[in-house]
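Colleague: Residue numbers (the numbering used here), protein chains in the order written: chain A, 3 to 353; chain B, 5 to 534.
A portion of the hints provided could be inaccurate.
Some chain B residues judged to face chain A by a derived CB distance under 10 Å, without partners named [to be verified]:
1. Leu19
2. Tyr256
3. Glu258
4. Arg260
5. Glu430
6. Arg433
7. Lys445
To list a few chain A residues with every Cβ distance to chain B over 10 Å, as calculated [what the hints assert, rightly or not]:
8. Gln4
9. Pro79
10. Ile85
11. Ile87
12. Ala93
13. His97
14. Ser153
15. Asp238
16. Gly241
17. Leu273
18. Gln348
Honestly, the hints are just simulated from the structure, not real lab data.
For every residue, glycine included, the Cβ atom is placed at its ideal position computed from N, Cα and C.
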Amino acid sequence: MQPLLNIRNVTKRFVRNLPVVEDLCFEVYAGEIFALLGPSGCGKTTTLRLIAGFERADAGEIYVDGQCFEGSKTHLPPEARDIGIVFQEYALFPHLNVLQNVAFGLRKLSAKLRDERVATVLDMVGMTAFKYRKPHQLSGGQQQRVALARSIAPNPKLILLDEPFSNLDAGLRHSTREEIRTLLKDAGMSAVFITHDREEALCFADRLAVMHGGRIEQIGTPETVYRRPETPFVADFLGATNLIDGEAEGNCAETLLGKCQILPSAHGPVLLSVRPEHLVMVPSDTAGQNNGIGEIVTREFKGHDLTYRVKVGAESYVVQTDYCCPLQVGAQVALQAVEPAVVVKQNVPLP
Amino acid sequence: MTYSETRYLPPWYFLLPGVAVGTGVLLPLIYLVVRAFEAEVGELLQIVFRARTVHLLGNTLLLVIGVVGTGILLAAPLAWVTTRTDLRGKRFFTLLGVLPLAIPGYVMAYALLGLSGPSGTFASLFGPSFPNLRGFWGALIALSFYTFPYLFLNLRTALLGLDPAIEETAHSLGSTSRAVFFHAIVPQLKPALYAGGLLVGLHVLGDFGVVSLMRYETFSHALYTQYTAAFDRTYAAWLALMLLALTGSLLYLEARLLRGSKFHRMGSGSSHQAVPIALGAWRIPAYVYLGTLTLASVVAPMVTIGFWTLKEVHSIYMQDFLQALSGSFLVSTPAALLTAVLAVPLAYLGVRYSSLICRTLERGAYIGYATPPLAFALALIFFFRGIPAVYQTLWILIYAYTVHFLAEAIGPVRSALYQASPHLEEAARSLGYRPFKAFFKSTFPLLRSGVIVSIAFVFLAAMKELPLTFLLSPAGYETLAVNVWSYTTEAMFPEGARYALAIVLCSSLFVGLLLMKDARASYDYTEAPI
């Protein structure tokens, strides 16, 4: 299947020799919601602006539906790209009301068709009742829907969303996320959105790319990226994790915590990622031989779960347990991994 | 993080007006320099190094220092009393600190001359006369009363912006009130004093009306006599150059002083207003001071103008008045419109493009503002002498107004532009609009009120402008400002009164606009949508 959006080796430098994004490659397929996830300054906003056509790439190509939008000799201006964008602060035209905002991109339609389309889209986002309001008379969530309606109205090939939920307060964020996702899916829209919030990326995207320092570190479905991180950064950025040195031999590795299963199989020194919820504490007297014995140094009770910190030798590990773990600070415990540890780095030079 | 297409050159329709303005400011000045250096070296030395130059320099500097000093003496107590004490009627007296701006220097000179002397207003109303105020003292008083509001406004803003926590800390560390004042407050007011002082200094250097009416010999005055009486071009060019050099030195001095005296409030902790100081018995001297200031800077000139307006004047002068009014109107209107049209792209360049060339172009407008009008007028005369299609026409006057007032027009547009996110245009482009249309449809509507304010500003400023009008208007062309000046030189106070009144009216509207914009700016700041 031909991808809708195809980014090939795109590089962008602002200051000479200091790339903001480097050698990006990814595809987005029709109907897909794709996330670019990364900390601030990782180049995700620049990537979005490159796709929209607000920035020019220094190298590489961008294809949409097989047509070259950006290349060494081509730069299609934003107005010719047929790509909608919803900005973080929505950028609604303050001098126009909701209706006029949504109709803004429809000037090529006849008045009748335009009115119909505006009505359809407003209905879709549930803003019909507010059509004569000015943007400043709307709440943040309402403004966002109008912005979304405005970008959807011309029926673009692709929609770009810049940190779509960061301007909403926490309570609203959750419900809005679900609504917008349903809305995009119902409309069959393809979307690329950027975020620094891993939870947002995991639950909103069909697939996501994790960016770090201007490069993509891993692309995959939320499950894959969370469960099978390929780099230490991805492992760490997508959730709390324990990075453990080990000596791999096939699908097993020798670590401070004893022998554990690993994925994928490897040989030699490796760095392993074990999520806190994949570690269990066993009272030291029942532990098998070889398992590193440690001491609980902190215990954080958070209601529906508990977070422990266990010191084994010079290292300390985070362990997540359910609400009823009785172990207290000072207890001697052994740690066991209940899921295979994930190899995030191979051939780690020995310390 | 804000992104904008800073790396790219702006589109031609923004760049071109910027380049045009830059050229429009610099070309005549460069030509002036070229002309000035055409003379032979020996002749040059004779022109520049003569006793008269020293005399003019001394007089000019004396006036600048005198006016700035007097301005500080007038403005500082007023600013302090209206911001930091419990005096009643602070709002009224704050207005008083701004009102004198409505009486331009040459109108103030008209009033002073009309007030003093044996046949003056004062003698007619109260009997005893006091001698005609002329020369240094006359110029000093007229200019000080007119310009002290610039210092007042700057000081007032600074005083309101002071973090009282600093004073409180100083007190808690055992400093006396006097020590706190000199070591904690005054240093923080320095930037405001420099900024206000610079504005006042620029006004004094640029002034022509007051020094010519008061017959006080400064560079401007000498330029004027050179131009009207003995037209020695090289000498006139050199006088203009020396005036420019003096202006440049003043700007440099201010920049130098300002460096190293910038103070910021550290941290974002919310600041509270200082507790007003109870004046107690000091109230009485405070009221006496404020009363005297009101009387001298506003009441006396207005009474004088009113007194002379009521004198019988032959009806033939009414015809003249209407002609001068339409003369002013006819040239101020196109200048205001043209200036606003240019202000939009220039403000846009300055706000949206951070590249050196764009900022330089925007700065070009400020050079036009700071250049003494008389020197600029002379440069234009030199430059356009050979082009009869322009020389001695209204076009050259409109040109001069536009370049001179552009900086004032950029201000309101620029603040409107700061409120408009660059994303608006990008959103419009992603919705299928080409760059210019995207700007016009999304950003421009938000600048509309700023542009209207700009038009009004320039219109009113041009209505009361004197030196450019005086030198550049076609022979026999009458405007309100020129007529105030001419009647005053002839001591025809009744005939000049209605012109002075009309100018005061224009200036009052100007000041009103200024205050309204200020009030709205603070409103926008707190109530800005999103």
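Colleague: Examine each Cβ of chain B, and state whether all of them lie more than 10 Å from the Cβ of Leu273/A.
Modeller: 32 Å, holds
Colleague: Confirm or reject the statement that Gln348/A sits farther than 10 Å, beta carbon to beta carbon, from all of chain B.
Modeller: Given that every Cβ of chain B is farther than 10 Å from that of Gln348/A, nearest at about 35 Å, it holds.
Colleague: Beyond 10 Å on every Cβ pair: is that true for Asp238/A relative to chain B?
Modeller: 23 Å, holds
Colleague: Under 10 Å is the threshold here; is the Cβ of Glu430/B close enough to any Cβ of chain A for the hint to stand?
Modeller: 6 Å, holds
Colleague: Would His97/A pass as off the interface with chain B, using Cβ distances and a cut of 10 Å?
Modeller: 4 Å, violated
Colleague: Would Gln4/A pass as off the interface with chain B, using Cβ distances and a cut of 10 Å?
Modeller: 23 Å, holds
Colleague: Is the interface hint for Arg260/B satisfied, with its Cβ closer than 10 Å to some Cβ of chain A?
Modeller: At 31 Å from the nearest chain A Cβ, Arg260/B fails the 10 Å test, so the hint is violated.
Colleague: Grab the minimum C-beta distance from Tyr256/B to chain A and call the hint holds if it beats 10 Å, violated otherwise.
Modeller: 32 Å, violated
Colleague: Please settle this one: Ser153/A was flagged as non-interface, so is its CB more than 10 Å from every CB on chain B?
Modeller: 7 Å, violated
Colleague: Just checking, Ala93/A versus chain B, shortest CB gap more than 10 Å?
Modeller: 4 Å, violated
Colleague: Does the nearest C-beta of chain A fall within a distance shorter than 10 Å of the C-beta of Lys445/B?
Modeller: 8 Å, holds
Colleague: Just to be careful: measuring from the Cβ of Leu19/B to every Cβ in chain A, is the smallest value less than 10 Å?
Modeller: Since chain A brings no Cβ nearer than about 18 Å to Leu19/B, farther than 10 Å, the hint is violated.
Hints 1, 2, 3, 4, 9, 10, 11, 12, 13, 14, counting from the list given before, are not met by this structure.
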